[in-house]
Structures are given as C-alpha cells and as structure tokens.
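Undergrad: What follows is each chain in one-letter form.
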Amino acid sequence: MPYFQTSEKFEEVLGGFFKLMGETPVIADKLLKSKLIIRFRYTDPDLVMVIDCSGDKIDVRPNDTDTKAIVEMSMSSDIAHKFWFGKINLTKALTRREMIAKGPIPKVLKLLPAIKPSYNMYPKYLDENGYEQYNILKAYKPVAPA
Amino acid sequence: MLPEFFEFHNPTKVVYETGVATDLKPELDIIGIEKYFIVSDKPIADLGLVRKVEDGLVESGFIVTGKYTEVTQDADLEGVKRCAGQIKASGAQGIIAIGGGSVIDTAKAANILFSKGGDLVEDYSGAQTLTSRLNPLIVIPTTAGTGSEVTMVSMVYDRDNKEKLAFVDKYLLPDVAVLDPEMTLSLPPKLTASTGMDALTHSMEAFVGTAASPISDAFAYCAIELIIKNLVAAVQNGDDVEARGAMLIGSCMAGISFTHSMVGCVHGMAHATGALYRVPHGVANGIYLPYGLEYNFEEIYEKLAKLASPMGIDASGKDDKFLARAVIEKVFEVRKELNKLDALPLRLRDIGIPKDGLEAIAEGAINDGTSFYNPREMEEETLLPYIQKAY
Chain A
1 MPYFQTSEKF EEVLGGFFKL MGETPVIADK LLKSKLIIRF RYTDPDLVMV
51 IDCSGDKIDV RPNDTDTKAI VEMSMSSDIA HKFWFGKINL TKALTRREMI
101 AKGPIPKVLK LLPAIKPSYN MYPKYLDENG YEQYNILKAY KPVAPA
Chain B
1001 MLPEFFEFHN PTKVVYETGV ATDLKPELDI IGIEKYFIVS DKPIADLGLV
1051 RKVEDGLVES GFIVTGKYTE VTQDADLEGV KRCAGQIKAS GAQGIIAIGG
1101 GSVIDTAKAA NILFSKGGDL VEDYSGAQTL TSRLNPLIVI PTTAGTGSEV
1151 TMVSMVYDRD NKEKLAFVDK YLLPDVAVLD PEMTLSLPPK LTASTGMDAL
1201 THSMEAFVGT AASPISDAFA YCAIELIIKN LVAAVQNGDD VEARGAMLIG
1251 SCMAGISFTH SMVGCVHGMA HATGALYRVP HGVANGIYLP YGLEYNFEEI
1301 YEKLAKLASP MGIDASGKDD KFLARAVIEK VFEVRKELNK LDALPLRLRD
1351 IGIPKDGLEA IAEGAINDGT SFYNPREMEE ETLLPYIQKA Y
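Line by line, the protein sequences are chains A and B.
For the first sequence, this note's numbering gives the first residue as 1, with consecutive numbering after it.
For the second sequence, this note's numbering gives the first residue as 1001, with consecutive numbering after it.
Please keep in mind that the hints were generated in silico from the structure rather than gathered at the bench.
Heads up, a few of these hints could be off.
As a list, the in silico EDC-like pairs of lysine to aspartate or glutamate whose alpha-carbon atoms are at most 16 Å apart [what the hints assert, rightly or not]:
1) A:92 <-> B:1004
2) A:68 <-> B:1123
3) A:33 <-> B:1363
4) A:35 <-> B:1163
5) A:107 <-> B:1004
6) A:116 <-> B:1379
Ranges of calculated distance between the beta carbons of each label pair, as one might list FRET restraints [to be verified]:
7) A:138 <-> B:1005: 15 to 25 Å
8) B:1078 <-> A:66: 26 to 36 Å
9) A:120 <-> B:1359: 21 to 31 Å
10) A:119 <-> B:1236: 43 to 53 Å
11) B:1009 <-> A:117: 29 to 39 Å
Selected chain B positions facing chain A (in silico; Cβ < 7 Å) [stated by the list, open to error]:
12) 1125
13) 1127
14) 1129
15) 1131
16) 1163
17) 1213
18) 1364
19) 1367
20) 1372
Everything numeric in this text was worked out from a predicted model, so none of it was measured.
Note that the Cβ used here is the ideal one computed from N, Cα and C, for glycine as well.
Kindly generate the complete structure, drawing on both the sequences and the hints.
TA: Spelled out as structure tokens, the structure:
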C-alpha cells in the first residue's frame, strides 16, 4: 500500500513542504540562483507539481501542466516521499528507473547539495503539522482512504 | 562493509589486440549488419586512422556508407544533429566511432537521433529516458583517458544556451569497444599525460567513492596498477606498444569502474576550473588529484591503503595511514615525472589561473553534482585550502 492514498493528501503534505523550503533561506537562495523550473510527475497516487525558481521567490504550483519546465522528474509518490527523508539511493533510483530525469542533469545534480538540509526538515515538518503518521522514521502506519 | 545496493551492468564487448581495428569482421559478423557510417574528427582523419579502419572494413566486405569527420573539441549539439542527419541519409545500419571522448560522445548522441528520431534535447536529455535499444555502435578509442567506450554517458555542449547536456542511459553503452594500441601511437606526449591522469583520477575516485562496490573496486584496482606502471613509459616513448596497450586497458577498466561508482571532489574542482577558465579536463584532474585525496584523507585512508600494492609500494608492517600517505605521495611522484617530461603542469598558476579566482573554483566545486558522491562533505571553506595548495 502506498504511503499516500489520495492525490489530494499527497498534494497537501508535499506542497506544504515545498512551500516551507521556499521560505527557508539556506535552501531557497540556492534554488533561486539556479533559475530552474522543475516539474515533478508523481504516480500512485498521481500528482503534478511545478517548482518555479525563475522569479524572485519560489513558486509552488500543483497541477500545472502548461508551464514549460526545464527539468522534469518522474517517480512514484512513495519514492518522492522517501527522497525527502534522505532515504533514497539516487544511483539506485536512477539505474533502476525508479526515477526518470528529463533535462539538464548537471543542473539537477548541482541542486542536491543545496537541498541536503531539507532531509532533516521533512520529518520535523511532518510531526509539527499533524502528519506524524507519514513519518517513516517513526513506526509508520498506513492511512486508509476516508 | 558491503554497500546497501549496487548494480553492475556492462554489456559492451571489449576486444583487445594490436592491429585489431583493421580486422573487425568477427565482431561485426556477430552483430549481423553490413552498412556502417564512420564518425571521427579531422586530426584523426589526417593521421590516416580513419582510412586504416575503412580499408579493413571494405576488405572484409562491409559497406562504409559515409563519414563525418567534423567533430569539434567539445561534442556540440549542432554537430550531433548534423552527424545524425548524415548517418540517416547515408542508409547506414550502424555506427563506428574512431576518436577520443568528444567523438565517442557525438556518436552516442547521434545514435539516439539516428535510431529514434525526435528532438534530442526535448525528448532524450537526462537520465534513463530511452526505453529500447539503439542501432549498433562500435567504438575505437584513440586516447586512453575518458573510458567513454564503456560508459553509459554522453556529454554534449549546447552552444546557444551555453550549457552541457548530459545523456545518461544504459542503451548508450556501445556494443563493442575495440582496444587497439596502434590507434593511440600518434597521441602526443601532453595529451597522453593529461588523458592518462584523467583515467587515473577516474579509477582512484571510483575506488574510494561513496557508490563503490566490490565489482567496481576490482576494475578500479586493476586499472590503477596498469596506469601507474605504464603512464610515464607511454609519455616517454609514444611508440611503446606495450605501454600504450596497458594504458588503453587501464582507461577502459577505469571507465567501467566509474560509470558504476561515480567520481568525487577532484572532478568537482576540475569541472569548476574547466567551466571558469576552459582548462582541459585531464590537465585539471592531473593537478587536483593528490590534493583531492588529501581532502578526503580521514574518510578514505583505510581504503586508499589497499592501493599500496598495485602502486608498487612495499606494504609490509606499515599501518593504513602510513600506506595511504605513501599512495598519495606516489601520485605526486608520477605527476613530477610527467612534468619533467614537459607533459603535465603541476600547479594552477602554471596554467594561468589567477590567484583571486580560487574562491570561485571552490564555490563551483561544492555546487557540482559530483559533490554528492564525495566521501567527505564538501564545503567552500574546508575545500579552499586544498585548491590554494594546488595553486
């Protein structure tokens, strides 16, 4: 069973976290410097999310399929969720096609050091915003659909 | 300690023999097609190496449908598109690439367009975007450095947008890598030295990197031994077929190693230096390698010590820290010998890097994707002193 049962819940949790990252200078400054527009395509449950770093603040846009992205990352929602705990072996994810990256890979790799602080932020964010049940560092209990 | 995960995938057939580049029939018969297009560059064509391979193909009954010998120093997007167009128009069924990294990268990327059509950047740039095999690609390296004949990567420069595009896919792995020392005999001493240091850096960074596995270690270990024992000889005497052959095999094994286990801060510093000051990649790696190993010392010394034996260092009764320092000292020695032969600069100042540019190099290095795989966390303030040492 996937960690998230509905697209709406996944959007609420992940979208909120992306917004938090956008308001955290140690991460946001470097993301803005990249000027990247990244589209994430998640499956199971499905969700499209655009992170636009091309302006003077980070814009998170769920369900944006129109904007021309520079980089497009495709993965399951479970892989995405685990990624933000720092629990994904990127080499493994890419070689086994658990993640597909379209666009200038060096630009994406350059962002990895910048987002490292987020790995500690994510579990804390989940705990502080009523999403403790999704914190896989604690005993994870799947949430049944409403 | 075993890695949590690793994958080893190396379907490229490797053939080694002096003169084998003119006798490809056994390999091509297995592939089962007749019409090949040759991709190369002007210097290689001017040296007669393209003609040599072409004559061998024709004598064996294969058809050479055309040649593209305009690959530039950096494989560039427009060149790749032109090359792919010519391959397609010629009616070829497969490609033979003869050259160094840029030629091989051009051939790999052109093969995507030749095989699949579409828009190279929009449809295929990135990682794992291909879903099926490409047309056959045979690679004959004329340098011993990049290892591109056995890697799943093609780097292409987009001049309009001033950025390097990466294509990373298992389907980019060539079908056959032909290692023929005769094809590298004409490589000048400076290029032999810098490409050789590139191969040494690939193997050493792969061996101590965070994504290393027992299998990538085996390839890196043998590569290091071959390169350490033969690089100076190949630079000293370009006609030394034995040394040239060992360097080709070493570079190939280093390529197999690092395409699986990645590289680290030495490449990070070299990429930053190359981007800022257009320094050739092998030269920059040659300058930074010992300093990068020193930077990582506390994290890697136990593993680095294992390289004492293949590097010809007497390991009996010595502790790991002593041996690891001796390994780094050996790298310094090899560089010095190459420098004495006027084949490799030792310091950043020797290649015109300004002292006030070092901070920018440090900043570029820590933001390079390779920092993700470096054994020690890369921070500007901790890395800068090592770049200053290299200055």
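Undergrad: Please list, smallest to largest, the hint numbers that this structure does not respect.
TA: When the structure is compared with the hints, numbers 5, 15, 17, 18 turn out to be violated.
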